[in-house]
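With chain A held as given, fit chains B and C onto it using these hints.
Chains as they are written, first to last, in this note's numbering: chain A, 11 to 637; chain B, 2 to 145; chain C, 57 to 224.
In short, the hints are calculated from the structure, not lab data. There could be a bad hint or two in this list.
[Said to hold, decoys possible] Ranges of calculated distance between the beta carbons of each label pair, as one might list FRET restraints:
no., chain 1, residue 1, chain 2, residue 2, range
1, C, T58, B, S141, 21 to 27 Å
2, B, S141, A, A590, 37 to 43 Å
3, A, L627, B, V113, 21 to 27 Å
4, C, A211, A, R607, 36 to 42 Å
5, B, D102, C, T58, 27 to 33 Å
6, C, L215, B, S141, 26 to 32 Å
7, C, P179, A, W630, 20 to 26 Å
[Claimed, not checked] Quick partial rundown of chain B residues pointing at chain C, CB under 10 Å, derived from the structure:
no., residue
8, V38
9, M54
10, M57
11, G65
12, N85
13, V105
14, I112
15, V118
16, A119
17, I120
From the three backbone atoms N, C-alpha and C, an ideal C-beta is built for every residue, glycine too.
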Amino acid sequence: MDPVWLILLSPLAGAVVLLLAGRRMGRTAGLVGSAAVLVAFAAALVSFAALLGRGHGARAHVLHAYDWAVIGQLDVGVTIRFDELSALMCVMVTGVAFLIHVYSTSYMHGDPRFSRFFAYLNLFVFSMLVLVLADNLLLLFAGWEGVGLCSYLLIGFWHERPRAASAAKKAFLVTRIGDTGLLIGIFLLFTAVGTLDISGVLRAATTGNIAVGTATAAGLLLFAGAVGKSAQLPLYVWLPDAMEGPSPVSALIHAATMVTAGVYLVVRLNPLYELSHTAGGVVAVVGVSTAIFAAVLAMAEDDIKRVLAYSTVSQLGFMFLAAGVGAYGAAMFHLITHAFFKALLFLAAGSVMHGLAEETSLDRMGGLRKAMPATFAVTFVGWGAITGVLPFAGFFSKDAIVAAVWHEHRTVLFAAAVVAAALTAFYMSRLLFLAFFGSPRWSEGTHPHESGPTMVLPMVGLAVMAAIGGILNLPGPFPRPFWLDQFLAPVVGKSEHGEGFGVPLLLWTVTAVAILGAWWVYAADPSRRETVRGRLGPVNTIVRNKFYVDEIYASFIVAPLRLLATFAAYVVDRRVIDGAVNGIGSVVTGAAGSWRRVQSGLVRNYAVGVAAGAAALVAWLALRGMP
Amino acid sequence: MSAPVAPPSNVADRDRTRSGKPLLLGLVLLVLVVLGVAIAVRNEPVTTSHYLMLSMLLFMIGVGGVLMRRNALVLFMCVELMLNAVNLAFVTFARMHGSMDGQVIVLFVMIVAAAEVAIGLAIIVAIFRRRLSANVDEMSLLRW
Amino acid sequence: MTLFVVFGALALGAALGMVFSRNSVHGALLLVVNLGAIAGLFLTLEAEFLFVAQIIVYAGAIMVLFLFVIMLLGVDRSEPLMEPRPLQRRQLTFAVLIAIPLIAGLSATFAIPALTASPGALPENFGSPEALGQKLFRDYLLPFEVTALLLLVAAIGILLLARRRSER
Numbered sequence: 011m012d013p014v015w016l017i018l019l020s021p022l023a024g025a026v027v028l029l030l031a032g033r034r035m036g037r038t039a040g041l042v043g044s045a046a047v048l049v050a051f052a053a054a055l056v057s058f059a060a061l062l063g064r065g066h067g068a069r070a071h072v073l074h075a076y077d078w079a080v081i082g083q084l085d086v087g088v089t090i091r092f093d094e095l096s097a098l099m100c101v102m103v104t105g106v107a108f109l110i111h112v113y114s115t116s117y118m119h120g121d122p123r124f125s126r127f128f129a130y131l132n133l134f135v136f137s138m139l140v141l142v143l144a145d146n147l148l149l150l151f152a153g154w155e156g157v158g159l160c161s162y163l164l165i166g167f168w169h170e171r172p173r174a175a176s177a178a179k180k181a182f183l184v185t186r187i188g189d190t191g192l193l194i195g196i197f198l199l200f201t202a203v204g205t206l207d208i209s210g211v212l213r214a215a216t217t218g219n220i221a222v223g224t225a226t227a228a229g230l231l232l233f234a235g236a237v238g239k240s241a242q243l244p245l246y247v248w249l250p251d252a253m254e255g256p257s258p259v260s261a262l263i264h265a266a267t268m269v270t271a272g273v274y275l276v277v278r279l280n281p282l283y284e285l286s287h288t289a290g291g292v293v294a295v296v297g298v299s300t301a302i303f304a305a306v307l308a309m310a311e312d313d314i315k316r317v318l319a320y321s322t323v324s325q326l327g328f329m330f331l332a333a334g335v336g337a338y339g340a341a342m343f344h345l346i347t348h349a350f351f352k353a354l355l356f357l358a359a360g361s362v363m364h365g366l367a368e369e370t371s372l373d374r375m376g377g378l379r380k381a382m383p384a385t386f387a388v389t390f391v392g393w394g395a396i397t398g399v400l401p402f403a404g405f406f407s408k409d410a411i412v413a414a415v416w417h418e419h420r421t422v423l424f425a426a427a428v429v430a431a432a433l434t435a436f437y438m439s440r441l442l443f444l445a446f447f448g449s450p451r452w453s454e455g456t457h458p459h460e461s462g463p464t465m466v467l468p469m470v471g472l473a474v475m476a477a478i479g480g481i482l483n484l485p486g487p488f489p490r491p492f493w494l495d496q497f498l499a500p501v502v503g504k505s506e507h508g509e510g511f512g513v514p515l516l517l518w519t520v521t522a523v524a525i526l527g528a529w530w531v532y533a534a535d536p537s538r539r540e541t542v543r544g545r546l547g548p549v550n551t552i553v554r555n556k557f558y559v560d561e562i563y564a565s566f567i568v569a570p571l572r573l574l575a576t577f578a579a580y581v582v583d584r585r586v587i588d589g590a591v592n593g594i595g596s597v598v599t600g601a602a603g604s605w606r607r608v609q610s611g612l613v614r615n616y617a618v619g620v621a622a623g624a625a626a627l628v629a630w631l632a633l634r635g636m637p
Numbered sequence: 002m003s004a005p006v007a008p009p010s011n012v013a014d015r016d017r018t019r020s021g022k023p024l025l026l027g028l029v030l031l032v033l034v035v036l037g038v039a040i041a042v043r044n045e046p047v048t049t050s051h052y053l054m055l056s057m058l059l060f061m062i063g064v065g066g067v068l069m070r071r072n073a074l075v076l077f078m079c080v081e082l083m084l085n086a087v088n089l090a091f092v093t094f095a096r097m098h099g100s101m102d103g104q105v106i107v108l109f110v111m112i113v114a115a116a117e118v119a120i121g122l123a124i125i126v127a128i129f130r131r132r133l134s135a136n137v138d139e140m141s142l143l144r145w
Numbered sequence: 057m058t059l060f061v062v063f064g065a066l067a068l069g070a071a072l073g074m075v076f077s078r079n080s081v082h083g084a085l086l087l088v089v090n091l092g093a094i095a096g097l098f099l100t101l102e103a104e105f106l107f108v109a110q111i112i113v114y115a116g117a118i119m120v121l122f123l124f125v126i127m128l129l130g131v132d133r134s135e136p137l138m139e140p141r142p143l144q145r146r147q148l149t150f151a152v153l154i155a156i157p158l159i160a161g162l163s164a165t166f167a168i169p170a171l172t173a174s175p176g177a178l179p180e181n182f183g184s185p186e187a188l189g190q191k192l193f194r195d196y197l198l199p200f201e202v203t204a205l206l207l208l209v210a211a212i213g214i215l216l217l218a219r220r221r222s223e224r
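Next comes chain A alone, as it looks inside the complex (with noise of 0.2 Å):
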């Protein structure tokens, strides 16, 4: 069997073995949990030495498991492609994937559903391999709508506290409504192409028999899977709120792995893209904004995990906007990085809130410097990728994107990048600074302490692929340069580069003047927080109120459909629906009522029916005309 179907099969069978038999395994359910993603991850490692063994080229390999549905013009089979792009995000998950399990052998101990919650870590691993490694689209979907699946299940984890099951709601209710528009897509290019295979439909976009309009269409119809899916404006609200979920979980899905499924899809279907230059800068548009807005937020937010979240948004927006001008390469250089110090960030605001028992809020946190030494330097660096100082990761990949942008000379869009770019080094300085600088705001009786080993080394180990991530795709001068361009080319095409340190250098200015605002502001001294925020008055109340979005859509939108959903319940269901099965049923009794006085039980009533009955048979017989 070839080790690529390990990596998904691995997964699976720790899920199912974990669902049927975790309760009796107790601690080793977390053993068991990270091996299944531990050979996962191995067998990613060797099928992708084994790919880059094979030359260039011919890398991609399709396997068949077995024909699902034929039907009509239909045919679709349980196929995976194991090219280049799904290579790279195998590797990227299931690593990540088994240090976040790791991790949370240590931080879910003691949870009474343990081994419920590898079970779901598990499956949500494999309906994310399965996402990726698919080789058509139906296959895609239905591990898109796994992943979904999952990710409600573990956001509401804890379901017994009324914000965590609210939230998870919330979370697939707002994925619906782009996952119809990916089903609509999807259903388009299958009527327009005539074949659900992903090859297939890449070969109609590259050689032209999708009509342009086509493409805009369904374009923007699976860009819409993905702004539900990955939290772009207008239905990002789900993921600050998907926040009531386990940091584990925040880490694993809502910063590496789930929320970039909608920029692998993009990416993966680039020939579309490529054809319709409407959906594409429809699709940077919507990042560029997204990732101002999310960054405007963020800097108003005080609840450490909330202000990840919007960093998350704001980065996919990074991510959108690489893949919306064609940067397909940089695009998945910033999902790797952002992975790898994304998740780091997560695990860390975990450690920080276990020290602090469950603290959230940055307001009662400072001088975790000196308390929690390791959990800082992890930090630091995931802060340092983020912010893209030199020489971690972040540094390479979002100067990668907005050279990109410049290169493609979209001016308006390169602006607002470095604006967006700016906030983000200055929210995350903000974070850095009131949790860890300053003197200590605790609440009574906390004493914070560093974790144990099991959940710093994860946190070690992400934080030095945050640090030394940037060799994946350096620029010119450095030796090996983009080689993730050059390994992706088959499947993203050509990248081209601009020359010249000129981008670098604006990014890096702008990033340390807000790192030294935020510093001003937050650690310089204390008070200046407060005279900064009567400064700004209203404007800062609308900001920390989050434009008021969520009460927006509740009165707008949840509203009006509670009513018709009210309505169709108590109305439809009950009075015409149950009236008429009801009424039905009453029909009959009333008959049979009527009817069965038939049987009186007098002798000679029932004498004259049969007299009767004879009597009609003659009659028909003589006027049928006897022989």
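Just chains B and C, lined up with the frame of chain A:
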């Protein structure tokens, strides 16, 4: 329904029993004689149809009796009348076709009628022992 | 011809009398007359054996049985024949309604030539016991045996039904 029921006795009804029956019978016989004379005078040969008509009339009288009488025994006797009418029809057809099948069937009818009468009377006796009544209208427990 | 008229009239008259009789014993006796008249009609139809069988079995055995039961149950008292007026009227209406199609249908048979033709030549021993026996034991053997069984079953049934339940 276990208490025995006494047969009703109405004075008014008994008054009605005084007159009527012999007169009715006389009238009927008169009509029949007239009919018979009419047929005889016309001097037609008696054909199958005549016999069949007679059979049918007897049958219908039997049916009428079954529908109108309340006394179980008289009811039964009317059923016997119907059976006999049918027997007549069978024999008529046997004669018409010149085959003995009709007569064999009549034999069977007689046998079965005998068995049926015996059992039916046993049932009536059994019921009467309980309820002291042979009124079929009162035997109506098998109802809705 | 005359025989037919006489016997027919007798049969009809006795039948009507029986149906309208108020006294069950009178009714039973009238039925005997009716059965005798029908036996006579059998004779006119060349069914000698059945003529005798009818008198012996029907009039002789069955009707006697009837009279036994009538006497036993003491229902020979005069019973009110007339039921409540409206009920009687309704029943008569029913009977008439049923009778009409039957009579009409039957009258139509007068037009059928097969039924109005004179019967053809009859075989030698038509209606005799030999002829009946031949038919019975050749073509109708199985029904014969079955009716024998039927009589047995009837006898057993009567024994069970007529048993007094006093030995409890």
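Quick rundown of the hints versus the structure:
{"no.": "1", "hint": "C:T58 to B:S141: 21 to 27 Å", "verdict": "violated, 48 Å"}
{"no.": "2", "hint": "B:S141 to A:A590: 37 to 43 Å", "verdict": "holds, 39 Å"}
{"no.": "3", "hint": "A:L627 to B:V113: 21 to 27 Å", "verdict": "holds, 22 Å"}
{"no.": "4", "hint": "C:A211 to A:R607: 36 to 42 Å", "verdict": "holds, 39 Å"}
{"no.": "5", "hint": "B:D102 to C:T58: 27 to 33 Å", "verdict": "holds, 29 Å"}
{"no.": "6", "hint": "C:L215 to B:S141: 26 to 32 Å", "verdict": "holds, 28 Å"}
{"no.": "7", "hint": "C:P179 to A:W630: 20 to 26 Å", "verdict": "violated, 36 Å"}
{"no.": "8", "hint": "V38", "verdict": "holds, 8 Å"}
{"no.": "9", "hint": "M54", "verdict": "holds, 6 Å"}
{"no.": "10", "hint": "M57", "verdict": "holds, 5 Å"}
{"no.": "11", "hint": "G65", "verdict": "holds, 4 Å"}
{"no.": "12", "hint": "N85", "verdict": "holds, 5 Å"}
{"no.": "13", "hint": "V105", "verdict": "holds, 5 Å"}
{"no.": "14", "hint": "I112", "verdict": "holds, 5 Å"}
{"no.": "15", "hint": "V118", "verdict": "holds, 5 Å"}
{"no.": "16", "hint": "A119", "verdict": "holds, 5 Å"}
{"no.": "17", "hint": "I120", "verdict": "holds, 5 Å"}
Checked against the numbered hints above, the structure violates hints 1, 7; every other hint is satisfied.
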